[in-house]
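J.: Chains A and B, in that order, give the protein sequences.
Add 89 to the 1-based position in the first sequence for this note's numbering, that's all there is to it.
Add 844 to the 1-based position in the second sequence for this note's numbering, that's all there is to it.
Derived by calculation from the structure, the hints in this document are not laboratory data.
Check the hints yourself; a few may be wrong.
Example chain A residues on the side facing chain B (calculated, C-beta under 7 Å, incomplete) [unchecked claim]: (1) ALA142; (2) ASP144; (3) GLU202; (4) ARG209; (5) THR434; (6) GLU441.
One-sided and incomplete, this derived list gives chain A residues near chain B with beta-carbon spacing under 8 Å [to be verified]: (7) ALA145; (8) LYS196; (9) ASN206; (10) GLN210; (11) ASN430; (12) THR438.
Note that beta-carbon positions come from the ideal geometry of N, C-alpha and C, so glycine has one too.
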Amino acid sequence: MTVILHENHDVPIVVVNVSFGVGSRFEAPGRTGFAHLFEHLMFMGTRRVPPKAFDAWMERAGGWNNAWTSKDRTEYYDVGPPSSLDLLLWMEADRLRDLGPLMTLEKLDAQREVVRNERRQTSENTPYGKVELRLPELLYPESHPYHHPVIGSHADLEAATVDDVKAFFAKHYDPANASLVVAGDFDSARVKARIEQLFGAIPSRGAPTGPVAAGADASSKPTLTAVVKETLEDNVELEKVVMAWQTPKHFAPGDAELDLLSTALSSSKASRLYKALVYEQKLAQSVEASQESGHIGSRFTVGVIARPGVSLDRIEAAIDKELDALRKKPMTDDELVRAKNLVETDFVTRLESVRERAALLNMYQADTKDPGFAAKDLERYRSATKEGIRDVAAKYLVPNARVVMRVVPKKAGKAK
Amino acid sequence: MKRSLLVLGALALLAACGGKGASRPGPPPARSAAISDAGAVAPDPLGPRPELAEAAPFTPPIPIQYKRPNGTEVWLLERHGLPIVSMQLVVPAGAAYDPDGKGGLAATTANMLDEGAGKRGPLDLAREADRLGATLRTGALADYGFVQLTVLKKNLGPASDIFGDVVTKPQLNPVEFKRVHDLWENSLRARQSEPEAVAGVVVARKVYSAGHPYAHPIDGTLGSAAKVTLDDVKKFYATRWRPDHARLVVVGDVTRAEVDAMLDRVFGTWKAPTVPAPVDLLVPPAPLSGRGEPPPVARRVVVVDRPDAPQSVIAVARPGVSAFDEESAILPRVNSALGGSFTSRLNQDLREEHGWSYGAHSRFSFTRMRGLFVAQAAVHTEHTGEALQAMIADIGVMSKAGLTDEEVEKTKQLARAELVETFETVQAAAARLGRNAGVGHTPDHEAAASRLMVRADKGQLKKAAAQFLDLDTAVIVIVGPRAKIEPQLKAIGITAVESSGTEGQ
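Using the sequences provided together with the hints, build the complete structure.
T.: Below, the structure is given as structure tokens:
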């Protein structure tokens, strides 16, 4: 297990952040959504910490917790007063050590229903939420580990068994696959000894090896070679188009340039897409763009909601015109400075929070094996050039290899 | 112009992190054997559950308060950890002051402030803020309008110039107003298909009587938006955005001398108009009954039809408390036990016990006049009836019996921890102090309220629960497929079901 300590006494808060190198891309066929379902099961108790006690004891100590699962990783974090730290570490050690073998069908069924309601709430009953369910399937071939959405399908969630849970725990929830960050108001020497005592004797089988992607990374070509179009009907008032491309993985050459490009495209009123589509041409209601960076590949998306009466054909043509300009000619010096300064300020303000600092340390550890990568990370943005951004746009944001999804109002049974 | 930001001080925070260590492959014994020993016969390698020491007491910081020559009251809280400054100007120009039939005027006025100000048009203004890496936001809540700025210390000078222009010299240009108004109407159209937003709109419309200042949504309705003109905006701005009723919260890496020099420059020409302020600004905060006390009616159930929806959004609502009522200090603890944390009764029941929902929660709003209590959950449609019945029962038990001993202790710890996090970052502290200033509290309010909150005993909490959680006259709003919901309501004895449109009409 990797341990990263970051002591700082500015505020009386401690954070324990445990990251496991497992996400939805490690899921077995027919078990989509399992990594995230498993995340929910990590709170269901052991012999030392009976069902419901994990949260109850933590809150009684003035703490709270949450967790999230991505395509690549699962992260658990606890936030509490300094007096709670020993308890937080003890409970994290306990579940890493003992949770799997004590799994029952009752625990699994309870969280299965919760997760299916999470899917309904965040994807199915939210305007445009279904895009995230379908986009990965269109962007990646079936053999690609990123082909399915993190939340998974109802059928696969229903199919999960207690044996699946135990096997998944044994394989992925191993100390060798975990990174523990303690950040905030504590004494490093004491906590280091305590971590040794609590986690040091947890047996390991060594880190598991994940599926190797055939997909996009810096060295291989994107698997998407054509334009893939699909239209969804949904309970929405305004039509929307989402475009997506396969782009270089996190920290690969081009990744930071695409972050800056997304900022220059959509971050403010003066950004390229907003200014053109919303402010000047008055075709769109809103625009968004982002580089979503992953371990074995990233995706760049552009989303635009149309104003009433404006066809998505016109919207798509207007987006293409702006992207074409950025593929051909570098952005202005001023645009580059603005994008860089927005990214840097965001970076600094995030560092204020103990919870964010802990999360960043584990992100750098997971993605670069160097928890102190922050300065180098920032340097990527500082050294990016407008020509470099143009070249990356020309290479990856190509018109003839992308997904174009449309969301339009349902024709029948539409709510008034 | 090029400006590169220096963030080395901040980076040192992260670079200081200790090395990784304690990598421990260890001998790989059969895992099952290791585990079957744990906690059984052999001594437990983890030892017993750690004893908890008492968390150190925490008192929220009190900003210093003083008046500027133009009447603006400054609340300053110095924080010199990171080179960041966050400030927020608040004026009593919230949605509660929207004229009859013109709901959304206060919010639209605030939205127009950065659509061109001083010498800069809207695009130039946005470009300059971006160049400085500044975050500039304008908006309105129920009681107050605000302009908020967060920026690195080194850019505070030029960023505060923009801030000053936005507050004191908005252009309120007709071309920009037409665009803002079109976007506003479209967002109201889009709101109709957002179930949680619809529930919020309908709850306020049904709990408050027609014409009550809080009965309409802050962003208005399609009907009221159509009536709001640029002249209305100009008039609202001239009447209500005035320095003698403004408060300015400043938090971060800045001293009083620096703040005053900045304000001399930025607000030097901002003077109170000679006409007296509107009379409603001078009325002291309303006590429990505010204008338009909700009529005492029987419990109502209102359904907004959303055919084919996979979930029903259920909101159980009733009149809550004013931020000036004494109980407002201790109700957060009652709410914490009921629906304010993961282990709260509502979340445990609907989510962990039954799996009907991804989560259930409740809240009191803290506003000048009496606010709302709302308990809310999005539940699988086929469990709408059962889930509603459980919510009503859980709230009913809390209102009759109050908190358990365990909950009394837990909510005390959680309340303390929540306060620590509220004041952890410059931005969060500025947001909370901005809210207190906007509602009309004094700068020491949070410190005083936190003492009451921590001290409240079981008896006081029980009394507050009884007073504010009785559901006899509650309004229950459900956004979901009416055809599937109605038989379920009938099965739990609810037969009188009203219908509503997405805006409460």
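J.: May I ask you to test the interface hint for GLN210(A) with respect to chain B, counting a Cβ-Cβ separation under 8 Å as satisfied?
T.: Holds, about 5 Å.
J.: Verify the interface restraint on ARG209(A): the C-beta must sit less than 7 Å from at least one C-beta of chain B.
T.: Hint on ARG209(A): holds, closest Cβ of chain B at ~4 Å, below 7 Å.
J.: Is the interface hint for THR438(A) satisfied, with its Cβ closer than 8 Å to some Cβ of chain B?
T.: holds (6 Å)
J.: With a cut-off of 8 Å on the beta carbons, see whether ASN430(A) makes it to chain B.
T.: holds (4 Å)
J.: Given a cut of 7 Å on the nearest C-beta pair, is the interface hint for GLU441(A) held or broken against chain B?
T.: holds (4 Å)
J.: Classify the hint on ASP144(A) as holds or violated, based on whether any CB of chain B lies nearer than 7 Å to its CB.
T.: Holds. Min distance 5 Å.
J.: Can you verify the interface hint for ALA142(A): is its Cβ closer than 7 Å to any Cβ in chain B?
T.: violated (9 Å)
J.: Tell me if the interface restraint on GLU202(A) is satisfied: Cβ within less than 7 Å of some Cβ in chain B.
T.: holds (3 Å)
J.: Close enough to count: is the Cβ of THR434(A) nearer than 7 Å to one in chain B?
T.: Result: holds, 3 Å to nearest chain B Cβ.
J.: Answer holds if the nearest beta-carbon of chain B is closer than 8 Å to that of ASN206(A); otherwise answer violated.
T.: holds (4 Å)
J.: Holds or violated: is there a CB of chain B closer than 8 Å to the CB of ALA145(A)?
T.: holds (5 Å)
J.: Regarding the hint that LYS196(A) lies at the interface with chain B, is the smallest CB-CB distance below 8 Å?
T.: Check failed: Cβ of LYS196(A) comes no nearer than 10 Å to chain B, outside 8 Å.
Checked against the numbered hints listed earlier, the structure breaks hints 1, 8; every other hint is satisfied.
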